[in-house]
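Add chain B to chain Z, keeping to what the hints say.
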Amino acid sequence: MIWEVFRQEKSGDYHKHCGNVHAPDREMALLFAEVQHGRRKPTNSLWVTPQKEIGEVDTEDTAFGGTTDKSYRWAMTYNFEAAASEVEESESEQASAERERKAQIEGGS
Amino acid sequence: MAAVEELSEPDDLTADEREAVQHQLFRLADDEFVVAERYTEWQVKAPTLESDLAFSNIAQDELGHARLWYDLLQDWGAEESELIWERDPSEWRHSTLAELPFDEGDWADPVLRSYLYDVAEDIQLRALQDSSYPRIRDRVGKILGEEDYHREHAANWLERLCEEEESRARVQDALDRLFPHALTLFAPTDEAVEERIDELGIRSEPLVTMREEWLDEVIPFLESLGLSVDDAELPEQYDVHHSQLELPEHTGRDQSHTDAWFDLHDDFTHTYQELGRTSAERIMKDPDDE
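Protein sequences appear in the order of chains Z and B.
Taking our numbering, the leading residue of the first sequence gets 1064, the next gets one more, and so forth.
Taking our numbering, the leading residue of the second sequence gets 76, the next gets one more, and so forth.
Bound conformation, chain B alone:
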């Protein structure tokens, strides 16, 4: 790939550059925040105390990563409260995989979801390690350092759940339901802006390449566990080397969402609204000062 020019400081970006950086940041930040918001529903409900603590800890990690990305979005004047508590739900850009609700007690879902999500996150973060935007590049390493545990946790659980027929069937159910939504992890926010993200070198791999890399990793692993990805409601024209995979009705990335998202948004902004807040308490140092 041709060497790309380093982007300027936040204030010196052109409007087009700024838009591209912001789209990339909202992809990252919204995914992390919303997936963590869903994960925390398992707090005190996971199958054992140990799995509860491990999964809650992963949720905390993801919230911490969201904080790092939202912090970069504040470079253009927005407050954290405006980005999280006051932003209209129809403006969020997370993948629909992050927002889907869990069925009560369906532990196979969060395990599989975190596997699909964390493999994708790893691929996307690695494509940012050489980002032309230094503020993104500088934060990737810190986040990658926490991701190995997430993937190991998810893969270990999946291996064990797939040892027996009954629990493997539950994982298969979750796979059929989640797989099309997992594909939206690589869906464009806006075709033109995504192209610009690539041209400017904000990330080193286009979405299509990253999706193929992801498919090449997750499909063989899932099949090795006796799961069938063919039954996972894959679009008919499914072809890993084709750029036009059929996505679910809502991809999230383009700001279209399932109804579940609006319910979730109501839930997590409820207290903020009820108390009539206009700003959020900051209890931690600015990540730039850490």
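Chain Z with its partners taken away, still in its complex shape:
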């Protein structure tokens, strides 16, 4: 049985997927994950979950974000005064994500 392993580097971080282990049950999966995924990199916590419990939807099933221009969703229309740095960051993140998404759709079609 395969268990997917998620590692959290420090308290408060997200648990990020880092690989998997073969194990008969949860207890052994944690024991193996500790050595395999928590030994060499800074680790605060590990999660394991049975691979078959993970649901997936991918680009074969759907067009993520739709196929039409959705730039009206960006939070860019209120900039009559200087935006907070968090908003600036969020905007540029959304802009570059949108560019990548478009490139992906165009490249794929």
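Don't read these hints as lab results, they were simulated from the structure.
Where is the CB? At the ideal position from N, CA and C, for every residue including glycine.
Wrong hints could be hidden among the right ones.
[Stated by the list, open to error] Think about it this way: if two alpha-carbon atoms lie no more than 27 angstroms apart in a straight line, the pair counts; the simulated DSS-like pairs of lysine-lysine are:
#1 B/Lys217 - Z/Lys1104
#2 Z/Lys1165 - Z/Lys1133
#3 Z/Lys1104 - B/Lys120
#4 B/Lys360 - Z/Lys1104
#5 Z/Lys1079 - Z/Lys1165
#6 Z/Lys1115 - Z/Lys1079
#7 Z/Lys1104 - Z/Lys1073
#8 Z/Lys1079 - Z/Lys1104
#9 B/Lys217 - Z/Lys1073
#10 B/Lys360 - B/Lys217
[Stated by the list, open to error] Pulled a few chain B residues facing chain Z out of the computed Cβ check, cut under 8 angstroms:
#11 Thr123
#12 Glu125
#13 Leu128
#14 Ala129
#15 Asn132
#16 Gln149
#17 Glu227
#18 Asn231
#19 Arg235
Below, chain B without anything else, positioned relative to chain Z:
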């Protein structure tokens, strides 16, 4: 227990004190080194990739612990190479449990062996936490921190191996074979020196007490898994509250060993001999500088 006096720095010990400290250190260091040497035989041979990595990791831990203990033995001038690669095999003091060979593919053996060994190690380390010898005392905590994983690993495996009849029978076979040798973990190196170790407060529990503590922990656990310790070739006069348990012909502690040890020693010193080495490369900092 009466408060014991703190022992001096290595150079200021009396000859008797030094001998007692050295016996205690060889018990610890040789056990860790030899058991790790055997464990590494499972590298790339354990039942799954995961169990291979977990067990190899445990072997690495034990080698690291051996390094800490051999380092303390170097306080009196010996080099690491003299303590490990050049010391005559008939001078080693590890328990015979550590040196016995594995049968090919007999995974029940290393699992059970590590269980018997790690429960004993935990008891022995805890008896050193208040050691009168500060250099030993200071290193115990670091080692204990890695031991929980070892015991959990071994106990989890044992529980699972004992769920089915066929694999439980294999564990029982290993138990019959290993149990008498496990008793040597608590055998004296030399009666008089062991008494001195206790009197000087180098450890806080005598061997006999630690062995009883060990028996009280391992026997109920093994029996709860459907294993029988009575069939484990226990000596006839077996009595947990008796100090004279019958041990196997060789105990290791008194420097008498099974033939398997001399083969193992030949194996791990082979490259050192073949290359005509006289010293060992040190790739890590001295533990005192860590």
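message = Hints numbered earlier in the text: which of these fail when held up against the supplied structure?
response = Violated: hint 16 alone.
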